[in-house]
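Novice: Per UniProt numbering: the sequence shown = residues 1 to 667.
No lab work stands behind these hints, which were simulated from the structure alone.
Hints may be right or wrong, so weigh each one.
[What the hints assert, rightly or not] Per label pair, the in silico range of CB-to-CB distance:
#1 Asp140 with Glu563: 31 to 41 Å
#2 Gly155 with Arg605: 16 to 26 Å
#3 Ala166 with Gly89: 25 to 35 Å
#4 Ser621 with Gly647: 23 to 33 Å
#5 Ala56 with His102: 19 to 29 Å
#6 Asp422 with Ala100: 53 to 63 Å
#7 His102 with Glu22: 25 to 35 Å
#8 Ala469 with Ala169: 26 to 36 Å
#9 Glu404 with Glu22: 12 to 22 Å
Owing to the predicted nature of the structure, the values given are computational and were not obtained by experimental measurement.
Positions of the beta carbon are idealized from the N, C-alpha and C atoms, including for glycine.
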Amino acid sequence: MTTAPDPRLTEAAQQHRQGNLEAAKRLYLSILATQPDHPVALHNLGVLCLQGRDAAGAVGHLRRLCTVAPANPRHWQALAQAMAAAGRGGELKAVATEAARHGVRLALPQAASEAGKGAQGKTPKSRPKNGAGSARAAGDPRPRLQKIGRLLDQGRYGVALKESEALIAQAPRLAVAHNLKGLALKGLDRIEEAIGSFLMATRVDPRFPHAFTNLGNCLRRRGDHLAALAAYEDALALAPDDPDTLTSMGNALSGLGRAEAAEAAYRKALALRPASGETLNGLGNLMRDLGRNPEAEALFRQAIEAGPHVSRVSLYASHLAQAKTFRDPADPDIAFLESLLAGPDLPATEQARVGYALGKARHDLADAGQGSHAAAFEAYARAAAIKRATLTYDVADDERLMVELAEALPQAVPADAIAVADAVRPIYIVGMPRSGTSLIEQIIASHPAVHGAGELGMIPDRVRLHGAAAGFHTPWAWARGLSATQAAAFANDCLGRLRALVPGAETHVTDKAPNNFLFAGVLARLLPGARIVHIHRDPMDVGLSCFIQHFAEQAQHYSYDLEELGRYMRAYQRLVDRWRQVLPGEVFIDLAYADLVDAPEPTIRDLIGRLGLPWDDACLSHHRSRRMVQTPSSGQVREPIHAGRQGRWRRFEAQLEPLRRVLEGEG
């Protein structure tokens, strides 16, 4: 995929990121003096020239780059930006034509595109997206909308928010302004407010498909896949051939475990826009979750080639690394990951993502006897430190949360308070992440009476929303203070949502969100018939698995520092000890991972019986199931249970000493 990085390149990229442009420039030029076609050096030097306001120099280096590596969309995108900065915008059409001859299509950034279309375009039904009256009130809104679009593309979400609010104050019926405000709020991670803005955009103009799509994206990010699906359906009713919406629809369907429908949505999107990195990545994730790793690997490679932005390429490359097993130290994919890390324009969050992928590659090699576990851990630790530096997090907040929740035991909801017709019985599979929750769900969901819903994220969302509606600002205050009516409303809401997720006649449904251990007291008291399966495993194995895993952006912030990880795990252990004391054994079912490995059949038979289910031999053949598994453990749950899953931490014993000290009370 690329040549192995020159040692000078690492130093150049470090100087570049630190703002030492002259030092970086000298190093890049020294590389090009001996390797004039080095693609990474050419790209980085072009970026550096742009940063130094030498647009003409940037054009020269990037033009050569496009000659050397013409199939990479990132290179053409960078050249187009440099030419625009150099005042050569009139030549961009010719550049786009030349890129097209190499299979590359240059496109406007999404936010700017939406701003332009929203201000001057038409919906699929040829109806203006903004009312004429509001446009008159604000004058011609297009320049201001385009400015907001540029701010969004630059990541200046706070400024974009202020600009969009000022425009809305003058033109409150301008739907596209509400839409752009929503995008700014989403960029600031103010998801609930963003949802409100997108809803307002759809109310102002019910024929604005982009607003429905953006609404769905925020609902899905909140974990509400069903509501997101409805929003995407509204968008597709207006624009049935929009590839972005079809891709988002595929993501939502995938999140709901509807693999066949998800694949159809992705395939239709690719038929409309074959070189979409986002769609190829979504379909690749689906193939990986279905255990079809060769197909996933091919799709991730296509996504990397589609690009064009380095942050997206880093995402696709990390997914590729997860979909394959590295066995050769000379694997060009390893050199590609190293070259990405050497780039100056890779944001810290993406440096962490690629760093974890590189750690995984080195880990694979070490397990195969082709490298050292120390080198793998070094890569993981470097990535974790980068990730931790991007987070605002205090483990003491989680420690306090668990102390408070330990005493938050509401009054039980009686069975006759449930109004949901044909309510399913929920099975919550909880524990520390990476403790075996995916394996337990795969076993239970192999039973024909059980629908495996995956990791829903429903409970914390419902607790927060019901608490806010009742005037409580913390989950423990809500759990202690809710009335019988409020408790029944919560139960019916959760059970109704679970019922809607079950496509067939199954009587039970699983939710394997590990962090639901926080709410075990609430679940046991408020959901009649619920069962909570708590899986626990050697803390050192769990700690290692957490530390070497790059989690989703909003999850497991404690896992990127070994001492913080140890403190969190000790607080978790104290809370679980409390649940063991106060919750009935038939509701809170404790399961040791070691028992599952040492005696699989009797342990599984006992578990199925305690869940009130008749025995079915399919539970012993869980690894043959073709259901989707949307977790980092998707490969492991498709293997028969074996003893090799235990004691992996000992390969990293010296490096994990800070974790061991905290877990044993020495830190």
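Novice: All hints are to be evaluated individually against the structure, with a verdict given for each.
Specialist: These are the hints, each one checked on the structure:
1. Asp140 with Glu563: 31 to 41 Å: Distance hint for aspartate 140, glutamate 563 is violated at roughly 57 Å.
2. Gly155 with Arg605: 16 to 26 Å: Between glycine 155 and arginine 605, where Cβ atoms are some 54 Å apart, the hint is violated.
3. Ala166 with Gly89: 25 to 35 Å: The hint (25 to 35 Å, Cβ to Cβ) holds, given that alanine 166 and glycine 89 are roughly 28 Å apart.
4. Ser621 with Gly647: 23 to 33 Å: Holds: the Cβ-Cβ distance is about 26 Å, inside 23 to 33 Å.
5. Ala56 with His102: 19 to 29 Å: Holds - the Cβ-Cβ distance for alanine 56 and histidine 102, about 24 Å, lies within 19 to 29 Å.
6. Asp422 with Ala100: 53 to 63 Å: Given about 55 Å between the Cβ atoms, the range holds.
7. His102 with Glu22: 25 to 35 Å: About 33 Å separates the Cβ atoms of histidine 102 and glutamate 22, which means 25 to 35 Å holds.
8. Ala469 with Ala169: 26 to 36 Å: This hint holds: roughly 29 Å between Cβ atoms.
9. Glu404 with Glu22: 12 to 22 Å: Since glutamate 404 and glutamate 22 have Cβ atoms about 54 Å apart, the given range 12 to 22 Å is violated.
Against the hints set out earlier in the document, violations occur for numbers 1, 2 and 9.
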